[in-house]
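Trainee: Quick note, the sequences are listed as chains D and G, same order. Every position in the first sequence, counted from 1, becomes a number in this note's numbering once 31 is added. Every position in the second sequence, counted from 1, becomes a number in this note's numbering once 7 is added.
Worth flagging that the hints you see were computed from the coordinates, not collected in a lab. Even for Gly, the Cβ is constructed at its ideal location relative to N, Cα and C. Each hint should be verified, as a subset may be incorrect.
Said to hold, decoys possible - Some chain G residues close to chain D (C-beta under 7 Å, calculated; not the full set):
1. Leu46
2. Gly49
3. Leu50
4. Gly58
5. Ser60
6. Asp70
7. Phe72
8. Ala117
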Amino acid sequence: DQQVKQNSPSLSVQEGRISILNCDYTNSMFDYFLWYKKYPAEGPTFLISISSIKDKNEDGRFTVFLNKSAKHLSLHIVPSQPGDSAVYFCAGRGSQGNLIFGKGTKLSVKP
Amino acid sequence: GAGVSQSPSNKVTEKGKDVELRCDPISGHTALYWYRQSLGQGLEFLIYFQGNSAPDKSGLPSDRFSAERTGGSVSTLTIQRTQQEDSAVYLCASSLVGTGEVKNIQYFGAGTRLSVL
C-alpha cells in the first residue's frame, strides 16, 4: 500500500519555464510534508516543507501547495534552471518521525 | 563532522555473506534513520533510533537485518546471509527531535551502494 504516490516518473521542462511536480497521499495522519532533491551518487537533500495546517509555503523559486481535501501537494519551481535537473522525492512525516517517500520524479530542465 | 557520513561508499559481496554498513550522524542529532533505495523504487524506511528509546524496527524486511546505535551516535546496519534482492543503496539520515518544521528536517548521507553477487 503506497501511502505517498508520485505518478509521473519523469518531467521535461524548458529553462525559464515553470516546473510542477505532483504528489498524492493516502495517510491523513501526516503532519508535515517535505520535498527532497537527489542528484546521482548523492544522498537526498532537503528542499522545502509544509505543515499539514498550511496550504502554501514559498522559498525563493520554490513553492509547495497543499490541498488537504484532495490529499494532493505540488512543488512549483519558477523559473526552472538546468541545475534543477534531479530526482525529486515527496515525503510525508509519520507519527514516529520517519519519512514515507514516493518513488520520485526525474526532472530534466533543457537549456 | 559537518554532515552525515556513511561507509563504505560501495560494497560488493557474495550471496550468503554478512555485511556491516556504518553511519556517523551529525553531532547533536538524537534521531537516526536507515532507508534503502532499490533500483527504480523510492526510499524505503528500515529502522529509527531516537535517544535511548527502543528503536522502531517496523521497516526491517526480515530478521536477517539488524541495526544498533552505540552511545547514541554511530550506527551499524548488519545484513546477515545476504541475498541478491538486498542489493540497493542504503541511506542513513539524522535529525533533531521536537515540534516544528526546523526539527523535522532529516539530513542524509551519500549512502552505501551494496551489490550482492
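Trainee: Hint by hint, which ones does this structure get wrong, listed from lowest number up?
Mentor: Per hint list: 1, 4, 5, 6 and 7 violated.
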